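Q: Chains G and E, in that order, are what the protein sequence lines are. So the first sequence is residues 1 to 297, counted in the numbering used here. So the second sequence is residues 1001 to 1338, counted in the numbering used here.
Derived by calculation from the structure, the hints in this document are not laboratory data. There could be a bad hint or two in this list.
Coverage of chain G stretches by chain E, computed from C-beta distances (three or more under 8 angstroms per stretch; other residues unrestricted) [as the list claims (entries may be wrong)]:
no., region
1, 134-140
2, 145-157
3, 223-236
4, 256-263
Quantities reported herein were computed from a predicted structural model and do not represent experimental measurements. In this text, a Cβ means the ideal position worked out from N, Cα and C, and glycines have one as well.
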Amino acid sequence: MSSDEVMAPPSLPTSQAQVHARPRRRRWRTTWSLRIGLAALVFYVAVALLSLVWTPYDPLVPGIGDGYDAPSLAFPLGTDRLGSDMLSRLMMGARYDLGIALTAVAIALTIGSALGVVAGYFGGAFDTIAMRAVEIFQAFPGLLFAMLVVQAVGAGIVNVILVLSFVGIPDYLRLARAEIQAKRNWQYAEAARLAGNPRWRVAFRHLLPNSVGPLLAFTSINAAFAALVTASLGFLGLGLSPNTPEWGNMIARGQDGVMTGQWWVSFFPGLAILGLTGSLYLLGDALADLADPRRRR
Amino acid sequence: MSRLGYMMLRRLLWVLPVAFGVVTLTFFMARVFNGDPTELYAPPEATDALRAQIRARLGLADPLPVQYVHYLGNLVHFDFGVSFNTGQSVAADLSDRLPATLELGFVGLALGIAIGIPAGVLAAVNRERWPDFALRGFTLSGMALPQFWIGLVLIWIFFVSLHWLPGPVGRLPIGVALPPKVTGFLLIDSLLAGRPDLWGLALRQLALPAITLGISTAAPIARVTRAAMVEAMQSDYIRTAVAMGHGPRAIWFRYSLRNALLPVVTLIGGIAGHIFAGAVLLESIFAWPGLGQYALQAIERSDFAALQGFVIYASLLYVLAFLAVDLVYMLVDPRIRA
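Next comes chain G alone, as it looks inside the complex (with noise of 0.2 angstroms):
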C-alpha cells in the first residue's frame, strides 16, 4: 500500500442506504470467502494427514485395476494406465503438493520479510544494494528460474521447497520493506523509540507485528503460486521422481490417455490444484479484506 493510499481521506458514502448496506455486504463476502478458503485447506490438510494411515488401495502398487478402468465402484476415480487407483494417489499426492507450498512460502516469508524489515527501517546502503538486487530477480521469469536450479541442483523434495522459498524472498522483501516505510514514523513507533527501544527491537517488536496482516495475505496468494509451479516442475518431469503421485507428475502421465478419450486421470489431479490453489485465493483475498478494513470491493 503507498502511502498516498493511508493518507487518503476515505470517500464519504453517497446515501444513507449506503451507509448501512455496504459495510455489511463486504463483511458478509469477506467471513464467507475466509470460511470457505480456511475449511477447503482444513479439508486438505485432513486428507494428506489420513493418507498416511489410510488410502482405498496402495498408491504406489501397480497393477490394482487392468490400466485405464473408467470411474466405478470399485474405483470412484478410475485408475491410470499402470492401474494404480487414482484415488488413493491424489489422497497421497495432498502431502506433497500442499506440504511443498506451505513450508516453501513458510521459508520465503521468515526470511523475506526479516530482510524487509531491516531493508525499510534502516535504509542506507543495505536497502538500496536489497533494492536493486530484487529487481534484477525479478526480472528473471520465476517458473524458468526454477526449472534451471532444479534440472542443475537435481529434483527432489528438499530442492524443490528451497527454489520455490528463493523464488518468493523477493515479493517479501518488497512488501515488508514497504509496509515498514509507511509506518516507520507513525506516532506509536515514535513513541517505542522515545520510551527508549532500541532500533531493531522497534523495527521488528513494534512494526513487524504492525505489518502482519498484508504479509499474510500475500503469503496465501504466493502459496498458490508455489502449489502451482510445484505442479508445473512435475508436470515437465523436473520436480519429484516420476513414479511420485504428485498431481503434476500424475496430469503428465495421464497425457497419452488423454488423446485416446481415458480424460481421468489427468483431470481429477486438476480439480485437486484447483481446489487447492483456489482456496488460498479467497484466504488472501478475506485476509486482504481483514488487515485493510478500508479495502472497498
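Based on the hints, put chain E in the right spot on chain G.
A: Okay, now just chain E, sitting in the frame of chain G:
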C-alpha cells in the same frame, strides 16, 4: 529539458544496470548450476585429450572470468554464441522461433483483454449481484488452474471428443508446408502468399492454444478491472458526475472505466512480458515451435549458450514491458508528473 522528458530519460537509462545485472547473473548461474556439458557431447569411450578438445571447442577451457569477459564482448554486438543443440547461432535460433511465440501471444492476449475487461466492468457495475459472483467463480478458477491442465481439457473436449478442432501438432497440420516466410506470422504470410486455405488451417491450429492462453490471461485482467472500477465508481468525481445527472453509460464507460484502466495497463504489461517470453508449458503441450520449447530443450540438455540467450531475451523483454508501462503512465496520468 522538460521535467517529463527528464523523468522518462532517467527511467530509460535505469534499464542498463538492470540488464547488466541480469546478464551477469545468468552467465554465472548457468555455469555454476548446470554442470559440465562436455559429458553430453563426448562419447563414453572418449580419451581425456578428446574431452579437452571438446571443452575447448565449447569455449569452456578458459577460466571463468575470461569466459565472462569474452561473453560480454560478444553480447555487445548481439552475438549470443552458438547453440550446442542446433549448431546454429543462438540469435538465429531465437529469431526463428520468435514469430511462433509472438503470434500465439498476440492472439491469446487479445482474447484475454477482449474477455477480461468487459467481464470486469460487468462484475463491477453488478457488484454483489449474481453476474459478479458468477464472474468471480470464473476468475478464481482461471487463476487457480494450471495453464497446461486447461489446455489438456480443451484438447480432450474439442479434439478428442467433439472433433471440432485439430490436435496438438504445432502451427500447421503434419505434412503441410509453410508459406514463404515474410513476417513469420502464419496468419499474415498465408494471405500474402494468396493461400486462404492455409490461413484457415493455421487459424484452426492456433485456436486451442490461443483460447487456453486467453482464459488464463482473462482471469487476472477481469479481477483487476473489477477492483479498479469499483474503486473509481466510489470516488468523489463519480459522485459529482452522478449528481450532475449523467446517465449510467457515461458514468461507467466515459468516467469510471477510463480512470480504472491504469492498473489494468500495468497488469497487461506484466502479462505481455511473460507471454512473449514463451509459455513453456503451453508450447510443450501443443507442440508449438516457439521460444518456450526452445528454452525447455536448452535446460534439459545443458545448452549454456541457448539458455543464456533465452534468459537474457526473456528478462529484457520483461524489463522493457515495465518500461513501456511506466512511460505510458507518465504520458497518460498527469498526477505522476507533478
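Q: Hint by hint, say whether it matches the structure.
A: Right, here's what the structure says about each hint:
no., hint, in the structure
1, 134-140, "holds (count 5)"
2, 145-157, "holds (count 6)"
3, 223-236, "holds (count 6)"
4, 256-263, "holds (count 5)"
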